[in-house]
Amino acid sequence: MNRDTRLQALSAFLTAQRAKIQPESVGLPSAGRRRTPGLRREEVAQLAGVSSTWYTWLEQGRDINVSSSVLDCIASALRLTADERKYLFSLAMGTPSTSIPQQEEPSISLSLQKMVDELHYCPTIISDRHCQIVGWNRAASHVFLEFDRIPLEQRNMIRLLFTRKEFRRLAVNWEHFVMGFLSIFRSYYGQYVGDAWYEQFLQEMKQVDPEFLQLWQHSQVSSAPEVVIEFRHAKMGKMLFDLTSLQVQGGADLRCSVYTPAAGSSTEAKLKRLMNKTEDSTN
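So the mapping is simple: the working numbering equals the position in the sequence shown, first residue as 1, plus 3.
Incorrect hints may appear among the rest.
[Unchecked claim] No more than 20 Å apart at the CA atoms, straight line, and that leaves these computed lysine to aspartate or glutamate pairs for DMTMM-like:
| id | residue 1 | residue 2 |
| --- | --- | --- |
| 1 | Lys273 | Glu214 |
| 2 | Lys238 | Glu271 |
| 3 | Lys238 | Glu156 |
| 4 | Lys238 | Asp256 |
| 5 | Lys209 | Glu149 |
| 6 | Lys273 | Glu169 |
| 7 | Lys241 | Asp151 |
| 8 | Lys168 | Asp198 |
| 9 | Lys117 | Asp151 |
| 10 | Lys23 | Glu45 |
| 11 | Lys273 | Asp256 |
| 12 | Lys280 | Asp198 |
| 13 | Lys275 | Asp120 |
| 14 | Lys275 | Asp245 |
| 15 | Lys275 | Glu149 |
| 16 | Lys209 | Glu46 |
| 17 | Lys168 | Asp66 |
| 18 | Lys89 | Asp198 |
| 19 | Lys89 | Glu62 |
| 20 | Lys23 | Asp66 |
| 21 | Lys275 | Asp75 |
| 22 | Lys168 | Asp212 |
| 23 | Lys273 | Glu149 |
| 24 | Lys280 | Glu156 |
| 25 | Lys275 | Glu233 |
| 26 | Lys273 | Asp120 |
| 27 | Lys209 | Asp198 |
| 28 | Lys23 | Glu46 |
| 29 | Lys168 | Glu149 |
| 30 | Lys117 | Asp7 |
Read the hints as simulated data drawn from the structure, not as lab findings.
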């Protein structure tokens with residue numbers, strides 16, 4: 004991400020966050036005509052204790068000096084989460100919060116793959132900081148796609164969500180499903196501001212699907228969203244999963260996404276039948 008792109012991303016983020024906050028929720032009067040939703044720039048400046056001109060320049064994406072203490076005030080005024088705060092700092096300060104590792108062929112250790120395989124009835128996917136899928140278990144292949152049949156260069160979770168009809172048919176609320184992954188992707192985007200790959204990928208995705216741009220612009224920032232997801236599987240019907248994202252410790256920035264069958268649902272029983280039926284048919 005070059006300087007201009009980084010500052011444009013900062014401008015878009017601040018504008019979007021400001022629009023989410025209702026004046027009365029922060030003790031400001033809501034009376035009077037407002038051309039845009041949420042707070043005005045001068046109101047954010049007032050809440051943060053900075054000059055209106057300085058904040059305007061910041062939101063306009065001008066290349067100005069910023070300090071950690073002032074950014075803390077801006078983050079508090081906009082009620083940012085911990086992940087959103089990190090994202091703000093990365094974009095505003097222009098320095099990645101984590102060093103960029105060398106580009107390597109995505110791979111996972113045998114021990115990690117064994118652990119993933121042991122999660123027999125919990126579809127599990129391992130992905131890298133580009134959301135490139137580098138590992139999965141049998142359950143994931145049965146619920147999602149047979150990833151080994153997808154060319155390596157296309158095996159990116161964000162790309163698959165927008166290019167494979169199977170995902171659109173699978174998720175009951177496809178947009179909600181996608182927004183969870185985009186929030187993770189945006190977290191990486193802010194964390195690795197020095198990695199030009201992200202901007203290139205975003206440009207490619209805007210060409211792939213016009214809907215991508217709209218969803219990307221409204222996506223939040225979250226390194227590990229925990230959500231309940233409802234699928235309509237072609238063979239098993241309704242399936243409910245709790246999604247939990249885990250960070251894999253080590254040199255590579257890998258994420259383990261585990262879809263646990265929701266408690267009290269018939270999802271695990273359905274998944275067992277599906278996997279056993281497939282196994283019987285191949286024997």
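Hints versus structure:
This hinted pair does not check out: Lys273 and Glu214 have alpha carbons roughly 33 Å apart, beyond 20 Å. With a C-alpha separation of about 14 Å, the suggested pair Lys238 and Glu271 falls inside the 20 Å cut-off, and the hint holds. A distance of roughly 29 Å separates the Cα atoms of Lys238 and Glu156; the hinted pair therefore is violated under the 20 Å criterion. Of the pairs offered as hints, the one joining Lys238 and Asp256 is violated, with about 35 Å between alpha carbons and a cut-off of 20 Å exceeded.
Note on Lys209 and Glu149: the hinted pairing is violated, with a Cα-Cα distance of about 26 Å set against a maximum of 20 Å. Annotation: proposed proximity of Lys273 to Glu169 holds, straight-line Cα distance about 19 Å (limit 20 Å). Pair hint Lys241 plus Asp151 does not hold up; C-alpha atoms about 25 Å apart against a cutoff of 20 Å. A distance of roughly 30 Å separates the Cα atoms of Lys168 and Asp198; the hinted pair therefore is violated under the 20 Å criterion.
Restraint check for Lys117 and Asp151: satisfied, since their Cα atoms lie roughly 17 Å apart, inside the 20 Å limit. Taken as a hint, the Lys23 and Glu45 pair is honoured in the structure, with Cα atoms around 15 Å apart against an allowance of 20 Å. With a C-alpha separation of about 33 Å, the suggested pairing of Lys273 with Asp256 is violated against the 20 Å cut-off. The suggested pairing of Lys280 with Asp198 is violated, with an alpha-carbon distance near 44 Å, which exceeds 20 Å.
Proposed proximity of Lys275 and Asp120 is supported: the alpha carbons are some 14 Å apart, at most 20 Å. With a C-alpha separation of about 17 Å, the suggested pair Lys275 and Asp245 falls inside the 20 Å cut-off, and the hint holds. Restraint check: the Cα-Cα separation between Lys275 and Glu149 comes to about 17 Å, which is no more than 20 Å; the hinted pair holds. In summary, the hint linking Lys209 to Glu46 is not supported, as the alpha carbons are separated by about 33 Å, beyond the 20 Å threshold.
Our distance criterion of 20 Å between C-alpha atoms is broken by Lys168 and Asp66, whose separation comes to about 42 Å. Restraint check for Lys89 and Asp198: the C-alpha separation of about 16 Å stays at or below 20 Å, so the hint holds. Restraint check: the Cα-Cα separation between Lys89 and Glu62 comes to about 17 Å, which is no more than 20 Å; the hinted pair holds. With a C-alpha separation of about 25 Å, the suggested pair Lys23 and Asp66 falls outside the 20 Å cut-off, and the hint is violated.
Among the hinted pairs, Lys275 with Asp75 is inconsistent with the structure: their alpha-carbon atoms are about 49 Å apart, more than 20 Å. Only pairs whose Cα atoms come within 20 Å are accepted, and Lys168 paired with Asp212 is accepted, the gap being roughly 12 Å. Our distance criterion of 20 Å between C-alpha atoms is met by Lys273 and Glu149, whose separation comes to about 18 Å. Of the supplied pair hints, the one linking Lys280 and Glu156 is violated, its CA atoms being roughly 31 Å apart against a limit of 20 Å.
Our distance criterion of 20 Å between C-alpha atoms is met by Lys275 and Glu233, whose separation comes to about 17 Å. The straight-line distance between the Cα atoms of Lys273 and Asp120 is roughly 18 Å, inside the 20 Å bound, and the hint therefore holds. Between Lys209 and Asp198 the CA atoms are separated by roughly 19 Å; this keeps the pair inside 20 Å, and the hint holds. Restraint check for Lys23 and Glu46: satisfied, since their Cα atoms lie roughly 13 Å apart, inside the 20 Å limit.
A distance of roughly 14 Å separates the Cα atoms of Lys168 and Glu149; the hinted pair therefore holds under the 20 Å criterion. Taking the CA atoms of Lys117 and Asp7, the gap is about 44 Å. The hint is violated against a cut of 20 Å.
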